[in-house]
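Using the hints provided, position chain B relative to the given structure of chain A.
Here the protein sequences line up with chains A and B, keeping their order.
If you count the first sequence from 1, position 346 lands on 346 in my numbering, and the numbers rise without skipping.
If you count the second sequence from 1, position 77 lands on 77 in my numbering, and the numbers rise without skipping.
To be clear, the hints were calculated from the coordinates, so they are not data collected in a lab.
Every residue, glycine too, gets a C-beta built ideally from N, C-alpha and C.
Just so you know, not all the hints are guaranteed correct.
Label-pair restraints from in silico Cβ distances [unchecked claim]:
1) B:M106 - A:K139: 34 to 42 Å
2) B:S166 - A:D273: 23 to 31 Å
3) A:K462 - B:L5: 39 to 47 Å
4) A:E13 - B:D39: 32 to 40 Å
A few chain B residues that face chain A, going by a derived Cβ cut-off under 7 Å, partial list only [what the hints assert, rightly or not]:
5) L5
6) D84
7) Q238
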Amino acid sequence: MAIDMMKKVPVREQDPKVRAKNFEEVCLGYNKEEAEAEAQRCLNCRNPLCVKGCPVSIDIPGFIARVKEGDVAGAYEVISRASALPAVCGRVCPQESQCEGKCVRGIKGEVVSIGKLERYVADTAKELGLKPAVTAEKKNKRVAVIGSGPSGLTCAGDLAKMGYDVTIFEALHKAGGVLVYGIPEFRLPKDAVVEKEIENVKALGVKIETDVVIGKSTTVDGLLKEEGFDAVFIGSGAGLPRFMNIPGEQAMGVFSANEYLTRSNLMKSFRDDSRTPIMKAKKAVIVGGGNVAMDAARTALRLGAEVHIVYRRSEAELPARAEEVEHAKQEGIIFDLLTNPVEIHTDEKGWVSGITCIRMELGEPDASGRRSPVPVAGSEFDIECDCVIMALGTSPNPLISSTTKELEINRRRCIVADENGRTTKEGVYAGGDAVTGAATVILAMGAGRAAAKGIDEYLSAK
Amino acid sequence: MFRILKKECLAPNIYLMDVEAPRTAKHALPGQFLIVRTDAEGERIPLTICDYDSEAGTVQIVFQVIGGETYRMSQLNEGDCFADVVGPLGRPSDLTEIPLDELKKMKICFIAGGVGTAPVYCQLKWLKKQGVTVDCIQGARTKDIIILEKEMSEVSDLHICTDDGSYGIAGNVCVALQKLIDEGKTFDRVVAIGPMIMMKFVCQLTKELGIETIVSMNPIMVDGTGMCGACRLMVDGQVKFACVDGPEFDGHKVDFAQAMQRMAQYKTEEGRLYLAAKEGSTHHGGCGNCN
Numbered sequence: 001m002a003i004d005m006m007k008k009v010p011v012r013e014q015d016p017k018v019r020a021k022n023f024e025e026v027c028l029g030y031n032k033e034e035a036e037a038e039a040q041r042c043l044n045c046r047n048p049l050c051v052k053g054c055p056v057s058i059d060i061p062g063f064i065a066r067v068k069e070g071d072v073a074g075a076y077e078v079i080s081r082a083s084a085l086p087a088v089c090g091r092v093c094p095q096e097s098q099c100e101g102k103c104v105r106g107i108k109g110e111v112v113s114i115g116k117l118e119r120y121v122a123d124t125a126k127e128l129g130l131k132p133a134v135t136a137e138k139k140n141k142r143v144a145v146i147g148s149g150p151s152g153l154t155c156a157g158d159l160a161k162m163g164y165d166v167t168i169f170e171a172l173h174k175a176g177g178v179l180v181y182g183i184p185e186f187r188l189p190k191d192a193v194v195e196k197e198i199e200n201v202k203a204l205g206v207k208i209e210t211d212v213v214i215g216k217s218t219t220v221d222g223l224l225k226e227e228g229f230d231a232v233f234i235g236s237g238a239g240l241p242r243f244m245n246i247p248g249e250q251a252m253g254v255f256s257a258n259e260y261l262t263r264s265n266l267m268k269s270f271r272d273d274s275r276t277p278i279m280k281a282k283k284a285v286i287v288g289g290g291n292v293a294m295d296a297a298r299t300a301l302r303l304g305a306e307v308h309i310v311y312r313r314s315e316a317e318l319p320a321r322a323e324e325v326e327h328a329k330q331e332g333i334i335f336d337l338l339t340n341p342v343e344i345h346t347d348e349k350g351w352v353s354g355i356t357c358i359r360m361e362l363g364e365p366d367a368s369g370r371r372s373p374v375p376v377a378g379s380e381f382d383i384e385c386d387c388v389i390m391a392l393g394t395s396p397n398p399l400i401s402s403t404t405k406e407l408e409i410n411r412r413r414c415i416v417a418d419e420n421g422r423t424t425k426e427g428v429y430a431g432g433d434a435v436t437g438a439a440t441v442i443l444a445m446g447a448g449r450a451a452a453k454g455i456d457e458y459l460s461a462k
Numbered sequence: 001m002f003r004i005l006k007k008e009c010l011a012p013n014i015y016l017m018d019v020e021a022p023r024t025a026k027h028a029l030p031g032q033f034l035i036v037r038t039d040a041e042g043e044r045i046p047l048t049i050c051d052y053d054s055e056a057g058t059v060q061i062v063f064q065v066i067g068g069e070t071y072r073m074s075q076l077n078e079g080d081c082f083a084d085v086v087g088p089l090g091r092p093s094d095l096t097e098i099p100l101d102e103l104k105k106m107k108i109c110f111i112a113g114g115v116g117t118a119p120v121y122c123q124l125k126w127l128k129k130q131g132v133t134v135d136c137i138q139g140a141r142t143k144d145i146i147i148l149e150k151e152m153s154e155v156s157d158l159h160i161c162t163d164d165g166s167y168g169i170a171g172n173v174c175v176a177l178q179k180l181i182d183e184g185k186t187f188d189r190v191v192a193i194g195p196m197i198m199m200k201f202v203c204q205l206t207k208e209l210g211i212e213t214i215v216s217m218n219p220i221m222v223d224g225t226g227m228c229g230a231c232r233l234m235v236d237g238q239v240k241f242a243c244v245d246g247p248e249f250d251g252h253k254v255d256f257a258q259a260m261q262r263m264a265q266y267k268t269e270e271g272r273l274y275l276a277a278k279e280g281s282t283h284h285g286g287c288g289n290c291n
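Isolated chain A, as found in the complex:
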């Protein structure tokens, strides 16, 4: 295959017109020939900046060199040293602001498709039946991990590899956290990818107990004092969805993105045979510009709606991954940027009938460094719609913090933890969205990894 060193080997994707009507995965990934060609574009830098951009410090040039040689097992071994969920990360990491954002190849020409190569290695390893190796001797110590999302799975996997006896407690009926309830099938296939990654973690000896809400079914103290755990990791995730507090927000047809996505992803209501209902809107307005907004928008589109994304800043500030925005546009989602809702209207039966928005302009930078949007007086206009989905982020769930003595939370009600995940309560570690507020899968994994190290040091010294 001819290689243009300046350009990425393009990745095959489902045609936008076709995929707008199905829930199959959008990106089809590289095959062997494409992956080996793309791998040749890696400069194998002596000082690899890409590794510095990776929250779990995968030896990126190391695994790419093995891909180039056709040694997938070797590449998988290199990645597995740093990441427990490569098939997930290859799909959902914001590579453009991490590894690929630092790639030296990008100074002239296009960056190396590191994410797509990672995905190729993970998927091929799965096809070959490769499993991460377990080596450590069993330690006679037990660790409880709260939550089976990215941080919990990573922390549990790492601890199991070190020889600890680990049990994950999951509140929902299915393990995976946001990978299962939040991210849609067309971006992250559940059976083919998520389920397999969880099987890999279980293969390390990790036990998973579903249907346990810590703070209710038992407490952190209960785990430590009654159930005999020596340490606890809290990776309970983000929490309660935010609303705008505008008139009409309680109308029928207004959903949080969490509800809409949980119905579709966890309860499978996108399928005709699902017993959990979901609203199939004619015209949906999604409020927000993050990955969750893109996921809700593209789900509504696939369920048959015309979809508008309403976001108060401009395109440059959209917090979503560049690829998601690109895919959403290709699929025909309409972006109403510099626009903010002010009121939701209802029909005589209480269902959404439209939304009044106001145009915005960008003013002075705010605390986050982004220019803050300011309403343009008198610029209100109406969008007719039958569904409004709020994707405005979340605020921390108090279930654990309010039932655990000595566990300090900050002003934003997130759990306080240091860089090793250590909280203010002895033997209790935390990481992921429960500590940082809503962030990304890979940052949560990084925190899970750091906490596993912290827990190992704590228990080894004990």
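This is chain B only, laid out in the frame that chain A set:
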């Protein structure tokens, strides 16, 4: 697994089950709820806990067949298992936090409507155990659908009323409450649990009478842990999540009109047709306020 140890049909379409769920049983308190799933494809169904035995590790639920999912639940038998039981969820009744000497001084009247009788039983039983016996009005449309009468009378001063006058006081729960007051009873708190329409009318009356009233809200939910926001309702002008802030709220501050409207969100024609075909009617009533 969450095995069904006992199943009893209390009245047409109303079932009681004792289910093995040790974690839920161990930590449950009156006022809390749980979520069950019949099988791997099932919906998550929130139900208020009706009784619990922390020693035996069992919880009791009472449910009425009102749709496809509760119909499936009713088809399970002793020895069968639910795929999932998770709980206890929500906050316990604030009665469990009031010091006993104060609790003993309170003049409380419980009002139970339809299957709401079962969660009221849970609270009455707990109070009785603390040495507190209170009045309870139990309402039903007609004599045949009164449930748990013996159990309720063992843990409270029970006043039964029926809309059609076939048993007890003739009239709905509001008529019965007014009657007790007219006879000279005084109450400083009412706790009403039942259909939303019943709780709404009780609150209208108690507001006029100036009696503090607690209601237990059971809106549509998905996860039950605060994540989805489907169960949100307006209480005193603020958005509250029934699953984490409730399910019990100050009834005089709840926006019932909106809550009842939101309940209709997934009541589809198909659902009604399914029930009509299955059972010949789509409405089993019991509260006395809807005709």
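Status of the hints after comparison with the structure:
{"no.": "1", "hint": "B:M106 - A:K139: 34 to 42 Å", "verdict": "violated (54 Å)"}
{"no.": "2", "hint": "B:S166 - A:D273: 23 to 31 Å", "verdict": "violated (43 Å)"}
{"no.": "3", "hint": "A:K462 - B:L5: 39 to 47 Å", "verdict": "holds (42 Å)"}
{"no.": "4", "hint": "A:E13 - B:D39: 32 to 40 Å", "verdict": "holds (36 Å)"}
{"no.": "5", "hint": "L5", "verdict": "violated (18 Å)"}
{"no.": "6", "hint": "D84", "verdict": "holds (4 Å)"}
{"no.": "7", "hint": "Q238", "verdict": "violated (9 Å)"}
Hint violations for this structure: numbers 1, 2, 5, 7, all remaining hints satisfied.
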